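**Q** Sequence:
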Amino acid sequence: MKDLVSDIVELETISETTGDRGYIQILKRKHISLANLLDDKVQGALVGSRFLNTNEMDAPTRFFFGLERKNGQRRVIHSLLSDTGQEITEPSQIRRRVFISPSTRAGPWWRAEAKTRSEEV
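Numbering (our numbering), first residue to last: 1 to 121.
Hints in this document: simulated from the structure, not taken from any laboratory.
Any given hint might turn out to be false.
Label pairs and their computed distance ranges (CB to CB) [unchecked claim]:
hint : residue 1 : residue 2 : range
1    : T17       : D39       : 28 to 36 Å
2    : I24       : D3        : 25 to 33 Å
3    : N36       : V9        : 13 to 21 Å
4    : D39       : G19       : 27 to 35 Å
5    : I26       : K2        : 28 to 36 Å
Everything numeric in this text was worked out from a predicted model, so none of it was measured.
Backbone N, C-alpha and C define an ideal beta-carbon position, used for all residues, glycine too.
Can you make the complete structure from the sequences, with help from the hints?
**A** Now the structure itself:
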């Protein structure tokens, strides 16, 4: 491309100094080929910038997914209702109640929930 530009400059100076009209057609062809080269180069740069933008667009998404994950890990149960309907707010009692023992799983409510889950699948 540098050679093409230097050829155009040389032809322009020769045609100006000599006044010969024969160089005009050659100059036009060289200008057209230079314009085509520049157009291809610009299109390549646009495609490259689109790829960069796509990669940069994913970065904020990853950032926000990371925040969601962190918020999900920090969730805490603040209160829980016992079997008798009493509200439990003490963290140690909540931890004890959250664990479902195998004997409790055998209850009718557990079977009904398991049945509805298998029907959804």
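**Q** State for each hint whether it applies.
**A** Hints, verified against the model:
1. T17 <-> D39: 28 to 36 Å: Given about 31 Å between the Cβ atoms, the range holds.
2. I24 <-> D3: 25 to 33 Å: 20 Å Cβ-Cβ, so the 25 to 33 Å window is violated.
3. N36 <-> V9: 13 to 21 Å: holds (18 Å)
4. D39 <-> G19: 27 to 35 Å: holds (32 Å)
5. I26 <-> K2: 28 to 36 Å: violated (18 Å)
In terms of the numbered hints stated before, the structure departs from hints 2 and 5, listed from lowest to highest.
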